Structures are given as structure tokens and as C-alpha cells.
Amino acid sequence: MSILVIAEHDNASLNASTLSTLAAAATIGGDVTVLVAGHNASAVVTETQAASGVTKVLVVDDAALADGLAENIASVVTGIAGEYSHVLTAASNFGKNFMPRVAAKLDMMQVSDIVEVVSADTFVRPIYAGNALMTVKSSDSVKLITVRSTAFDAVEATGGSAATEDLAFGVAFAGTSFVSRDVTESERPELATARIVVSGGRGVGSKEQFSIIDDLAEKLGAAVGASRAAVDSGYAPNDCQVGQTGKVVAPDIYFAIGISGAIQHQAGMRESKIIVAINKDDEAPIFQIADYGIVADLFDVVPELMQQL
Amino acid sequence: MKVLVAVKRVVDYNVRIRVKSDGSGVDTDNVVMSMNPFDENGLEEALRMKQAGIATEVIAVSVGDEKSQDTLRSALAMGADRAILIKADQTPEPLGIAKLLAKVVEQEGPQVAILGKQAIDDDSNQTGQMLAALLDWSQGTFASNAEFDGDAINLTRETDTGLETIKISLPAVITTDLRLNDPRLPKLPDIMKAKKKPIDIVDASSYGIDLSPRLEVVSVAAPAEREPGIIVADAAELVNKLKEAGAL
Ligand SMILES: Cc1cc2nc3c(=O)[nH]c(=O)nc-3n(C[C@H](O)[C@H](O)[C@H](O)COP(=O)(O)OP(=O)(O)OC[C@H]3O[C@@H](n4cnc5c(N)ncnc54)[C@H](O)[C@@H]3O)c2cc1C
Ligand SMILES: Nc1ncnc2c1ncn2[C@@H]1O[C@H](COP(=O)(O)O)[C@@H](O)[C@H]1O
Chain A
1 MSILVIAEHD
11 NASLNASTLS
21 TLAAAATIGG
31 DVTVLVAGHN
41 ASAVVTETQA
51 ASGVTKVLVV
61 DDAALADGLA
71 ENIASVVTGI
81 AGEYSHVLTA
91 ASNFGKNFMP
101 RVAAKLDMMQ
111 VSDIVEVVSA
121 DTFVRPIYAG
131 NALMTVKSSD
141 SVKLITVRST
151 AFDAVEATGG
161 SAATEDLAFG
171 VAFAGTSFVS
181 RDVTESERPE
191 LATARIVVSG
201 GRGVGSKEQF
211 SIIDDLAEKL
221 GAAVGASRAA
231 VDSGYAPNDC
241 QVGQTGKVVA
251 PDIYFAIGIS
261 GAIQHQAGMR
271 ESKIIVAINK
281 DDEAPIFQIA
291 DYGIVADLFD
301 VVPELMQQL
Chain B
1 MKVLVAVKRV
11 VDYNVRIRVK
21 SDGSGVDTDN
31 VVMSMNPFDE
41 NGLEEALRMK
51 QAGIATEVIA
61 VSVGDEKSQD
71 TLRSALAMGA
81 DRAILIKADQ
91 TPEPLGIAKL
101 LAKVVEQEGP
111 QVAILGKQAI
121 DDDSNQTGQM
131 LAALLDWSQG
141 TFASNAEFDG
151 DAINLTRETD
161 TGLETIKISL
171 PAVITTDLRL
181 NDPRLPKLPD
191 IMKAKKKPID
201 IVDASSYGID
211 LSPRLEVVSV
221 AAPAEREPGI
231 IVADAAELVN
241 KLKEAGAL
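Sequences listed follow chains A and B, in order. Those letters in the first sequence? Residues 1 to 309, per the numbering used here, in order. Those letters in the second sequence? Residues 1 to 248, per the numbering used here, in order.
Read the hints as simulated data drawn from the structure, not as lab findings. Values in this document were obtained by computation on a predicted structure and should not be read as measured data. Treat the hints loosely; a few may be bogus.
[Claimed, not checked] Looking from chain A toward chain B, a few residues come up when the C-beta cut is under 7 Å (computed):
#: 1; residue: P100
#: 2; residue: L106
#: 3; residue: M109
#: 4; residue: K137
#: 5; residue: D140
#: 6; residue: S186
#: 7; residue: K219
#: 8; residue: N238
#: 9; residue: I253
#: 10; residue: I274
The C-beta atom is built at its ideal place from N, Cα and C for all residues, glycine as well.
Extracted from the complex, chain A is given alone in its bound form:
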């Protein structure tokens, strides 16, 4: 087995999701090559060389790869995928964007968002917002896979010393160009990997009142999450959204505050170790999956909680 993992990064550092993807690769077993496609990303290359279980790092450096445009990343991956038995990347925004393009170019079916490796050709993936788990066996000659990061414990970031090899970039795709990026600045830990997540929903009531969620998160050293309703209402930025169509998180503690617990929200947090729900409606579905629930007004409970901590 020879596995190619596509690294996710911002040219400055390696995204933690890649370490989880490497863990999935290790479960399949075999030689693991990591592709770092970017621009002036030497720090990422160094980090990747050090990651546990990496045999080789392929480096493609070109200005056209600086912003992760799917067309250009896909063209690099399409060119080399045939040399591997598996190509893996995170089921993140980055991975979801380019991998299907590779699959179509190679006339293969991607296996999306796997949560378990059964064998080298058989994988488990959630469907219907995680309300069913489908086991699929791929008959394609290269298995093209996106990996749900929360389902695989990250490999060690250090200890490895993989060799590097440079590859030339081909031709940039003419029709697409990068314009701008608006990154949400936050002093809080990253939502995807935080040990504690504090999420607020529509029940928080307004953007101003959402500071109660931020304050509790700060006190706990936690990341801030939100339901879709809270994001749609402008209480929190879109990258905070947890759920079927947002991020999937699995922290040690997940606080759902003023969130009813729709199945689409549960899809993004039901694998959390401990779920705490604070909601004034004792019939809110969130209580069906919460380990600890408080039926009360969040504006009473959260300040009390801050004092207790």
C-alpha cells in the first residue's frame, strides 16, 4: 500500500486536520507520502517532515498554489494520484473543494468524510446528518478519500524526519483567481481541535448578548461555537457554525447554550465526550443527548457558572 496525503496549510503552518488524516492513513497502513502544495511554505514542509509516520514529503511551490484554489491543487494531485493506492485529505472546506475534482478527472468515486477504516478498500461514513452510518467498499484502483478529523486521533507532530522531493507545477487554471480573504480573528482556541467548546444559539438573542458566550469561553479556555440560527442571525461568524453543514467537533466538553438541538446541529457535536445543555425549554431535543442539563434561563445560569469556575 502506498498512500498520498494532501496537507492542509496556510503556507505558514500545517493544519491539525492533516495530523488526523495521517492517523487514518496509518490505520490503512503502508508508505505515507505527504504533498505540500503551496507557495513559500518551507515552514510547513519542515513541520510535515517531522510528523510521525511520514516517509516522504513532496513539495510543489508555485504562486498559483498560494491560496489553495481547487482547480490548481486538483491538477497537481490528478497528475500523481495514479502512483498511489490511496489519496487522503481532510474533509475540511479545503479537502471537500478539490478532491471531487480529482475524482472526476480520474473517473473515480470519492469516499467522503470517512469515520472508520474497516480495511484497505472498505470505509464507514455518516449519511443523513449522521443518523445512519454507511459502510462502503470501493472498487476504484485508487481510493480517493476525505477524512473526518474528529474520528481519528492526531499522530504525533514531532519525531519524524522524512525526506523531501520537489515537483514542478504545471499550468495554472486560467478561469479562477483569488481576490481576498476575510479571516475571523479570535484569541480563542481553534474550534475544530479545542478541548472545550462553548456554543450559543438563537436563544442568546442578539449579537451584543452573544458576548456572554465569549466570556464563558474565555473563562474556560474554550473555543466558541454557534448554531446555524445564531450564525444566520449575525450573532456569530460563519466559521463558528457547528453541524451537518458546518464544522464537526468532538471536544471533551460541549456546552450547548440556548440551542434547541436540531438533528442538523447534533450532527456536528454528538460525538463530544460530555454534552452540557442550558435551555429554558425542558422539552428541547438537546436534553435527549446531554449528559448534564440545566432547565433555566441562560442569562441566570451562565453568570452563576462564571462565578463557580
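Fit chain B with the ligands to the supplied structure of chain A, relying on the hints for placement.
Quick look at chain B with the ligands alone, frame taken from chain A:
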């Protein structure tokens, strides 16, 4: 320009689905079905393009069995000009769907194809990107805003760290996020009018594409249930419990 919108008939998002006891799949008999929510956003965007004078004709396409006609009728009621049903008893995998849609693009010549970012049944999130690849078109995925600027679109995408804007030149594939727009609700007269609008029905097999699945479904299982927890009285008790559990 023509705009093609792909609409899939799926189990309604409010339905709590049940896994069949023999592990062969999900029970879709006698459950409420609707248009995939993201496809409503796709259609709404196309209709707005028409209102703005950018699009001349909006064509809705669905791949599925006879009943997908209902979804196409809803699309016509929202305002699509005409509809195409590609009839297939077994819904093909995203790769097969993308190949069929690519054929329709060849025949109809739209400048923009709009798809949802994901179908809420298979949660694949692949078809739009695959279609773009097959056509060698630009792709603007997970769009929350699309501004037309001559032969190009300034497209804002939702990413894991915030927002990003890219410029994609036509022809292009767009995949929608729910925040792209608020889909309109069809009015009764529109629903009546939609009954008279044409739906072309074409057999999937007539395109000469190999649609046999690449992924064999070994089994479908229900996820492990979470054990129901306890209701605590107040913040103090919660903190104690979390400490006892070793979580704080
Ligand atoms: C295709 C699709 C995809 C979706 N994807 C997602 C997704 O990824 N993530 C997601 O979250 N949702 C998603 N949704 C939306 C989802 O269906 C729900 O609408 C959403 O999760 C509801 O958010 P909420 O719980 O914040 O709001 P509500 O359902 O309105 O719940 C608010 C809760 O706050 C409580 N409350 C109000 N005031 C107080 C107070 N003062 N103190 C305590 N409690 C209070 C209420 O009792 C209520 O339970 C999706 C929907 C669709 C159709
Ligand atoms: N059977 C289908 N008929 C029409 N459009 C489809 C079909 N399957 C997928 N699509 C389109 O592709 C999008 C993404 O689906 P998926 O890749 O399956 O998550 C959907 O939102 C639809 O726009």
C-alpha cells in the same frame, strides 16, 4: 444566458430517518420528501439572475425516479422556465450524476450551472465539483454571495476560517450555501401555472454513460445512541459533576 439548476428529491430535513432493520439502507417509504434545501437556494439564485437581466432562461434538472417530477414541479412553481427529468430507478452516485449533468450542459449550453453544496441524504458534497472538472469549468463552491461582473463572477465562499472571495470566469459551476439567499415560497397561482409548464423526461440509459456504482454499499447501520443524562439544579451542581467526571 441560460442557467442550469440541479435539484434533488430528498427526505425532508425535518424527518427523523430510520435505518432498515436488515441493514440494507434507510427507510424512505411513506416519508415526506422535499427539494434538497441547498437546491432551493440554487434555484432562487438563478431566478434572481433572471430578474436582474443576467439570465434568460432557468432550466431545472433532476435525476431520479418518476416521483422526482414532484420536485421539478416545485421548481417550476418557484419560477423555473422548464424542467428535465433524467429518469433512473436507482439514483446514480455523484460521479454518475455529474456525467449526466455534463451531457445536459452539452445539449443546452448554459453559462452557469448551480448545484447545492451537498445533498442532505448522502452528504457527499461532490457533484458540483465533479461537474466542473468534467466540463473543465471554474468552480465557486459553498457560495454565500455571487456578484456578476461581465463575463465573471465575484464569488464569496464560506471557509473554515471565515470568508474568501474568488473571481471565476464564465462558464462556471456554483455550489450554494444556505446563506446565499432566502428562497421564495411559490404562490398559489404560480403552482397552478407550473402544472402547465413542460417537463422533458429522458431515460438515463439513453445517454450511453456507464452509471454502474463504484462503491458497493456493504451495510447501513444506526449510530450508537447516547445514554440519556441527568438534569442538574444549578451551576454549582454542574461544576461539581464536571469535576467528579474529571472533565474540569
Ligand atoms: C439543510 C440544513 C442544514 C442545516 N445545518 C445546520 C448546521 O450545520 N448547524 C446548525 O446548528 N443548524 C443547522 N440547520 C438548522 C437547524 O435545523 C436548526 O434550525 C438550528 O440548529 C436551530 O438553531 P438554534 O437551536 O440556535 O435555534 P432554535 O431552534 O430557535 O432554538 C433556540 C433555543 O433557545 C432556547 N432559549 C431561548 N431563550 C432562552 C434563554 N433565555 N435561556 C435558555 N434558553 C433559551 C429555546 O428554548 C430554544 O430551545 C440546518 C438546517 C437545514 C435545513
Ligand atoms: N439525483 C440528483 N438530481 C439532481 N441533482 C442532484 C442529484 N444528486 C445531486 N445533485 C446535485 O448535486 C448537489 C450536491 O449533491 P451531493 O454531491 O450528492 O452532496 C445537490 O445539492 C444537487 O444540486
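Status of the hints after comparison with the structure:
The criterion of a C-beta within 7 Å of any C-beta in chain B is met by P100/A, whose closest approach is roughly 4 Å, and the hint holds. For the restraint placing L106/A at the interface with chain B, the shortest Cβ-Cβ distance is roughly 9 Å, beyond the 7 Å limit, so the hint is violated. Below 7 Å, beta-carbon pairs count as interface contacts, and M109/A has one with chain B at about 4 Å; its hint therefore holds. The interface hint given for K137/A is met, as the beta carbon of that residue sits about 4 Å from the closest beta carbon of chain B, less than 7 Å.
Evaluation of the D140/A hint against chain B yields a held restraint, the C-beta minimum of about 5 Å falling below 7 Å. Proximity of S186/A to chain B is violated relative to the hint, the smallest CB-CB distance being about 10 Å (cut-off 7 Å). Among the interface hints, the one on K219/A is violated; its C-beta lies about 11 Å from the nearest C-beta in chain B, farther than the 7 Å criterion. A cut of 7 Å between beta carbons decides the hint on N238/A: the least distance to chain B is about 5 Å, and the hint holds.
With its C-beta approaching chain B no nearer than about 5 Å, I253/A sits inside the 7 Å limit, and its interface hint holds. For I274/A, the shortest C-beta to C-beta distance to chain B is roughly 5 Å, which falls under 7 Å, so the interface hint holds.
Hints 2, 6, 7 from the list above are not met by this structure, while the remaining hints are.
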